[in-house]
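**Q** Below are the chains, spelled out letter by letter.
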Amino acid sequence: MTATLAKRPATTATADAVIEVERLETHYGRRQVLFGVDLKVKRGEIMVIMGGSGSGKSTLLRHLVGLEQPTGGTIRLLGQDMNDLDPLAAMALRRQMGVAFQGGALFSSLSVAENIKLPLREHFRLDEKTMDIMVRLKLEVVNLAGFDALMPAELSGGMLKRAAVARAIVMDPKLVFFDEPSAGLDPVVSSALDDLILRLRDAMGITIVVVTHEVESAFKIADRIAILDQGRLLAVDSVKNIRNSKNQRIRNLLNRVAEEEQIDAAEYLSRLTGVAPAPSQSMPHDR
Amino acid sequence: MRIFETVGRGTTRAIDEVGFAATLLGQSAFWLTFGARRRQPVRSGAIFAQMVQMGTGALPIATLLSATIGIMLAIQSIHTLRLFGAESFAYVGIGLSITREFSPLIMGILLAGRSGSAIAARLSTMTINQEVDALRVIGVSPVRFLVAPALVGLLFVLPALTMWANLVGLAAAGLFVSGSLDLSFAAFVSDTIRILTANDIIHGLGKSVLFALLIVLVGVVNGASVKGGAEGVGAATTSAVVQGIAAIIITDMLFAFMVTL
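In order, the protein sequences belong to chains A and B.
Residues 1 to 287 (the numbering used here) are what the first sequence spells out, left to right.
Residues 1 to 261 (the numbering used here) are what the second sequence spells out, left to right.
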């Protein structure tokens, strides 16, 4: 089961940093979404990335898991530069990480067991009996024992997310990403999922990155919290320090105070008329 | 001015889609050739499942359409040739039309509607539900896992259905002709075999191979380019069928022009 990396390029990674993000920038067309984000996640910690809608937290996650390429900056996962990976090294790296998507993203045509087996089938040569045992083990971890034969459509929202966690951890990864684990769940189920995330860190020593906008959940599970605001990293600190932060934008986020959207007059006019702004007019992110 | 902008945008999008389709084809060929060596094979089970889904499911309607086309061609041939008193030569037109034109075309259109739409709907739903993203983060190429099996499956299924349509269409036409012209069915079969050459069969099968490529690529391009939710899935599916059928008919004409004349 131990996956070895096909390629280990020279790295400047600090000993206990599992994720190192430096000056990360990204654009969607002309619009800049992330502005020089720097972030380090230490081995065995739970890092929660928070921010309001449109803050860039989901975009940051998509970059971290390799679904999108940045327009600037670097991301090193487990010491490897994501921009400089050959396909085999990328494959080996992916064996060491798992992702639990917001909606579960289970393959609807496969049963729960087949969904969890898929990464094993694709990366290892294991017999069916071994895979069955591994599936049952992981389903026990996420409290879904006995549900292996069900199809994703037959699961509730909470069960779907737990099944997605089982798939994310089936290869015993060093790093697991969660995208909005509490979204759409009632408080009890959401709390149970938080407990599961803590259990994964404590029992399996997995480094965990969680993207969420649920303040209560973040305070419960996080070792450190990173706050993103309009594509910029506002703070990375302990739960205690974030909770006591004097920064008004952080306070607004934690207290769920809505902020007036800052609208550039020229851009607003251009949006209304459909005419592109004159070259002298700057985009909001240039200001 | 707006019309130029619309035409320009449409052209750019079309070029973009053709480029995407070419990339998909290249990547599928790559995984089919080198996948096993990289321990990432295109699984035969997935190909077989696609073949069963696309082929077996289409067999009843393919049989019905082929028989109908055969009878329709027989009616028209007898009617036309009777003007010259040459209806006993109906088998010539029927044999050549079915094998060279109607079987591949009708089967192509049938599968563009049936399988092309299914491919687009499946891929667009998977894209919206982040299942394609999930494949990527697991380290599985979506092209190897989703596109290549459908491509290989249809490359077997469409020529096979075309051959089946040849047999059913000719048999149905033969039964009608023998009933209408006081000619034995055996004589019709014997005359048809005499007039048909291997080239006629290959001509039809060659078209069906091209149509299979078009159906899968058009379906995948539309499915992967989905935007929005359920409405986007519907739009992608409709586009896959319309573009697939249009591509098949245009390719059919070009193929016939280049190979026949």
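One should not assume that every hint holds.
[Said to hold, decoys possible] Cβ-Cβ distance ranges computed for the label pairs, FRET-style:
hint, chain 1, residue 1, chain 2, residue 2, range
1, A, ARG243, B, GLY8, 34 to 40 Å
2, A, ASN244, B, ALA29, 55 to 61 Å
3, A, GLY54, B, PRO60, 26 to 32 Å
4, A, ILE133, B, GLY232, 37 to 43 Å
These are calculated hints, taken from the structure and not from any lab test.
This one's a predicted model, so the numbers in the text were calculated from it and none came from an experiment.
Think of the CB as a built atom: it goes at the ideal place given N, C-alpha and C, for glycine as much as any other residue.
**Q** Against this structure, judge whether each hint is valid.
**A** To see whether the hints hold, each was checked on the structure:
no., hint, verdict
1, A/ARG243 <-> B/GLY8: 34 to 40 Å, "violated (54 Å)"
2, A/ASN244 <-> B/ALA29: 55 to 61 Å, "holds (59 Å)"
3, A/GLY54 <-> B/PRO60: 26 to 32 Å, "violated (52 Å)"
4, A/ILE133 <-> B/GLY232: 37 to 43 Å, "holds (40 Å)"
Hints 1 and 3 from the list above are not met by this structure, while the remaining hints are.
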